[in-house]
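Engineer: Each chain is listed here by its residues.
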Amino acid sequence: MINFTNDPKFTAYALGELNEAEAVLFREELLRNGINEEALQREVDELNDFKRQLNDEFAKDDELRLPYSKREEVLKASSKSWMSQIFSPGLLTGMMTLVLVVGVFKFNETSVEKLERVSDGASGRADTRVDSIDSEEVEQKAVAAAPRAGVSRGSINPRSKGGAKTFSKKKIMSHESALSYLGAAPVEMNRESYDHIESSTYVRVSAEPLSTFSIDVDTASYANVRRFIDGGSLPPKHAVRVEELVNYFPYQYDMELSDHPIAVKVDQMKSPFHQGRRLVRVAMKASTPKVSVGKNLVFLLDVSGSMNSTNKLPLLKESLKIVMRELKPTDTISLVVYAGAAGVVLGPTPVKERLKIRQALNNLNAGGSTNGGAGIEAAYKLAKEAFIEGGINRVILATDGDFNLGTSHRGGLVDLVKEKAKENIFLTVLGFGMGNYQDAMLEELSNKGNGNYSYIDNLSEANKVFKHDLEKNMTTVAKDVKLQVEFNPKFVQAYRLIGYENRKLAAKDFNDDKKDAGEIGAGHTVTALYEIIGHDEKIPLPKVDGLKYAAKSKVEVSDSDELLNVKVRYKKPIGKFSTKFEVPLKNEKLSKLKSDREMLFATSVAAWGLKLRGDEMAKNLSYKEIRKMANDSRGKDELNLRSEFLDLIDFTIGLSR
Amino acid sequence: MSTQNKSDKDKWFRTNVVSLESPLLSYTFKILSRLAPSEEVVQESFLRLWKQEFPGEFEHYPKAWLYKVCRNLAVDILRKDKRMDLEESLDEILFCPCVSETLLESSLIMKEVAKLTNQQQEVLVLKFKDELSYKEIAELTGLSASYVGVILHEGLTALREVILVDLQRLEPETRN
Numbered sequence: 001m002i003n004f005t006n007d008p009k010f011t012a013y014a015l016g017e018l019n020e021a022e023a024v025l026f027r028e029e030l031l032r033n034g035i036n037e038e039a040l041q042r043e044v045d046e047l048n049d050f051k052r053q054l055n056d057e058f059a060k061d062d063e064l065r066l067p068y069s070k071r072e073e074v075l076k077a078s079s080k081s082w083m084s085q086i087f088s089p090g091l092l093t094g095m096m097t098l099v100l101v102v103g104v105f106k107f108n109e110t111s112v113e114k115l116e117r118v119s120d121g122a123s124g125r126a127d128t129r130v131d132s133i134d135s136e137e138v139e140q141k142a143v144a145a146a147p148r149a150g151v152s153r154g155s156i157n158p159r160s161k162g163g164a165k166t167f168s169k170k171k172i173m174s175h176e177s178a179l180s181y182l183g184a185a186p187v188e189m190n191r192e193s194y195d196h197i198e199s200s201t202y203v204r205v206s207a208e209p210l211s212t213f214s215i216d217v218d219t220a221s222y223a224n225v226r227r228f229i230d231g232g233s234l235p236p237k238h239a240v241r242v243e244e245l246v247n248y249f250p251y252q253y254d255m256e257l258s259d260h261p262i263a264v265k266v267d268q269m270k271s272p273f274h275q276g277r278r279l280v281r282v283a284m285k286a287s288t289p290k291v292s293v294g295k296n297l298v299f300l301l302d303v304s305g306s307m308n309s310t311n312k313l314p315l316l317k318e319s320l321k322i323v324m325r326e327l328k329p330t331d332t333i334s335l336v337v338y339a340g341a342a343g344v345v346l347g348p349t350p351v352k353e354r355l356k357i358r359q360a361l362n363n364l365n366a367g368g369s370t371n372g373g374a375g376i377e378a379a380y381k382l383a384k385e386a387f388i389e390g391g392i393n394r395v396i397l398a399t400d401g402d403f404n405l406g407t408s409h410r411g412g413l414v415d416l417v418k419e420k421a422k423e424n425i426f427l428t429v430l431g432f433g434m435g436n437y438q439d440a441m442l443e444e445l446s447n448k449g450n451g452n453y454s455y456i457d458n459l460s461e462a463n464k465v466f467k468h469d470l471e472k473n474m475t476t477v478a479k480d481v482k483l484q485v486e487f488n489p490k491f492v493q494a495y496r497l498i499g500y501e502n503r504k505l506a507a508k509d510f511n512d513d514k515k516d517a518g519e520i521g522a523g524h525t526v527t528a529l530y531e532i533i534g535h536d537e538k539i540p541l542p543k544v545d546g547l548k549y550a551a552k553s554k555v556e557v558s559d560s561d562e563l564l565n566v567k568v569r570y571k572k573p574i575g576k577f578s579t580k581f582e583v584p585l586k587n588e589k590l591s592k593l594k595s596d597r598e599m600l601f602a603t604s605v606a607a608w609g610l611k612l613r614g615d616e617m618a619k620n621l622s623y624k625e626i627r628k629m630a631n632d633s634r635g636k637d638e639l640n641l642r643s644e645f646l647d648l649i650d651f652t653i654g655l656s657r
Numbered sequence: 001m002s003t004q005n006k007s008d009k010d011k012w013f014r015t016n017v018v019s020l021e022s023p024l025l026s027y028t029f030k031i032l033s034r035l036a037p038s039e040e041v042v043q044e045s046f047l048r049l050w051k052q053e054f055p056g057e058f059e060h061y062p063k064a065w066l067y068k069v070c071r072n073l074a075v076d077i078l079r080k081d082k083r084m085d086l087e088e089s090l091d092e093i094l095f096c097p098c099v100s101e102t103l104l105e106s107s108l109i110m111k112e113v114a115k116l117t118n119q120q121q122e123v124l125v126l127k128f129k130d131e132l133s134y135k136e137i138a139e140l141t142g143l144s145a146s147y148v149g150v151i152l153h154e155g156l157t158a159l160r161e162v163i164l165v166d167l168q169r170l171e172p173e174t175r176n
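As given, the protein sequences belong to chains G and R, one line each in that order. Position 401 of the first sequence, counted from 1, bears residue number 401 in the working numbering, the numbering being contiguous throughout. Position 129 of the second sequence, counted from 1, bears residue number 129 in the working numbering, the numbering being contiguous throughout.
What the hints contain is simulated information worked out from the structure, not anything from laboratory work. Glycine included, C-beta positions come from ideal geometry on N, C-alpha and C. Some clues are possibly wrong.
Far from chain R, by Cβ distances over 12 Å, these chain G residues were calculated [to be verified]: (1) H260; (2) E423; (3) E471.
Short derived list, chain G residues pointing at chain R, Cβ under 7 Å [to be verified]: (4) T11; (5) A12; (6) E57; (7) R65; (8) L66; (9) P348.
Sequences and hints are given; from them, build the entire structure.
Structural biologist: Structure below.
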């Protein structure tokens with residue numbers, strides 16, 4: 001027998017470097033030499049084990065990162081050239097980028113010469129760079145990178161003067177760290193990543209009479225923002241997804257459910273953002289099925305080294321114990337861990353075998369680096385094995401999101417998750433911890449996996465997610481829920497959807513059943529807010545030129561007295577085709593509009609989020625006014641979520657001074 | 001290009017920037033040994049990537065392309081740097097692995113990695129840290145893909161011979 005592992009071809013085969021034809025040839029060659037597939041596979045596994053060890057080792061290397069400002073310049077350069085928004089306010093950095101791009105691509109001076117010139121004048125260069133940094137954002141980033149102030153989530157009181165003081169101290173530090181980051185030494189940098197969110201703007205009805213978006217019941221952004229504020233810093237603005245803040249709170253929507261599993265109600269009130277405008281709320285509530293079905297939950301737990309802090313793995317274990325209390329004895333739990341090599345810790349086990357599950361939990365330890373890809377496959381495999389027909393089959397991924405990119409290239413993972421969602425195994429994503437939290441990736445995974453996404457930063461949040469919202473989060477009553485709002489040009493000049501920036505759909509996607517959209521769970525409420533500008537206000541939005549070739553005849557406007565019409569599309573949890581229903585809203589005189597308490601509260605949350613994002617829309621409102629609005633509309637607050645929100649606003653006031 | 005494609009391209013671009021920024025910077029830094037010009041080079045490579053057209057093929061991961069741009073820009077900077085007698089040491093610079101020295105000290109495996117030839121180390125790093133394919137490594141280093149395979153195979157074999165036995169003895173539980 002030959003020692004085939006000594007052949008470079010074997011290494012190439014094991015590492016997946018051979019194409020299919022070559023691989024077949026290689027296997028045939030081995031067979032001829034008396035080596036069967038099993039022996040080959042054994043060696044391949046062995047080599048790949050070793051490869052993973054190497055991956056892990058290399059992953060421990062210090063990460064160099066581009067200074068925040070530089071990365072932003074690159075990103076802005078890209079979005080500018082497409083969006084042609086060069087002249088939007090406050091984009092000094094954008095302008096700088098433009099100069100740079102022109103310098104690089106238009107002038108005779110080659111970019112390398114330029115680079116060299118820049119790098120030679122080291123000191124002068126550092127100065128210019130400090131000027132060009134969007135100082136506020138760098139500050140936020142640097143502050144976020146600073147260790148969390150010792151504020152415990154157990155009590156809310158420490159959010160007060162003390163916190164504000166800490167913040168100003170950090171402010172000074174952050175300048176220093178920004179400066180040292182420009183120097184030669186690599187500085188430990190915050191590795192959290194957020195997708196860029198471009199705030200939506202007002203849209204003329206004449207240009208776009210339809211506003212289409214997918215619902216979003218995720219709440220992760222709220223808990224994440226809260227974590228930043230508790231830690232004594234304002235969140236980076238791209239971490240703030242306004243719709244997730246609004247939807248974090250349960251609302252008392254008393255609507256009657258008819259034939260559909262979801263009910264929709266549309267209301268209007270005077271806009272607190274601008275005088276003379278109105279705010280429209282689209283409120284959605286899902287039914288609560290009476291019979292709870294069997295659950296097959298596969299927990300995929302990240303036990304990599306980065307999970308080894310009190311607000312991660314130990315919190316995760318406690319969270320799992322809460323889940324066990326909420327489940328029925330016959331429901332099954334499986335545990336899969338990943339860190340380097342992935343492994344099944346506990347096969348599908350009925351919850352009645354509590355001791356066995358607890359023991360498995362207690363034996364979990366953090367160590368090694370992350371390779372989510374292999375773990376996620378193993379988890380889906382288990383979920384399929386224990387599949388409960390008509391029941392709840394879910395993979396629950398708990399991680400700080402620090403997948404090793406490459407082996408688990410984001411696109412590949414997303415595809416896998418999407419594929420499995422078609423087999424009715426849905427995904428729930430739970431984010432833990434901070435520092436290298438990969439928000440953007442986790443959100444995308446949960447979106448594509450027909451799932452939801454929560455961020456857990458403390459035990460009371462774990463209680464909310466696993467005790468109070470477990471059924472909501474696990475029982476999908478409708479999937480691919482899309483909303484399309486048609487505005488009546490007779491009454492509406494322009495509108496703006498608040499939040500849902502990354503949930504927007506093209507108008508034609510509404511009727512396209514292949515287009516994925518959000519899921520809604522039992523008893524979930526979803527709220528969307530629009531601000532509407534009537535015809536009596538002059539707005540500085542550009543008008544579209546009249547068409548030269550289209551017929552001149554005026555479009556006939558129907559004489560309907562409706563302000564707008566909301567269309568809803570959804571699919572049954574295991575259906576392929578969607579159902580549609582419509583809810584119109586009558587136009588009422590602005591002066592006669594009354595405000596609804598729940599709507600007022602939702603608006604206060606939205607206003608807070610908009611302000612955190614530095615959005616122009618909320619500039620007329622101060623945090624104090626927002627706080628008053630929230631306080632007035634607090635109502636019954638069983639879980640104390642709303643009073644906690646008031647505390648958060650207080651703390652925001654302290655931080656933004 | 002339709003709006004959809006534009007936003008796809010935008011997303012694709014952002015993903016690349018976010019995920020490749022760090023490895024590219026490490027890679028460039030090991031060539032230039034100075035952080036400031038390395039950052040300029042990486043930024044420039046991204047700006048060039050944006051200008052490139054990759055029509056429709058968004059799955060095509062332009063990793064190797066970016067590495068190559070960074071490498072070429074960095075080498076150009078080195079060439080123009082009069083303080084260095086380059087032609088003698090360029091190969092040495094390019095084939096030293098782009099990992100920090102502390103990493104090479106950090107564990108049993110890494111200490112063995114540090115004993116390999118520069119070329120073996122470089123290929124190993126590009127394969128297992130930066131996750132480039134043979135073809136991409138070949139394109140980047142100017143070697144042929146099959147030669148890259150040979151270098152990698154030899155490096156791996158050398159490593160495994162020394163370490164595998166030890167590792168099995170030390171950490172039997174992680175082998176499952």
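Engineer: What are the numbers of the hints the structure violates, in ascending order?
Structural biologist: Hint 9 is the one this structure does not satisfy, whereas the remaining hints hold.
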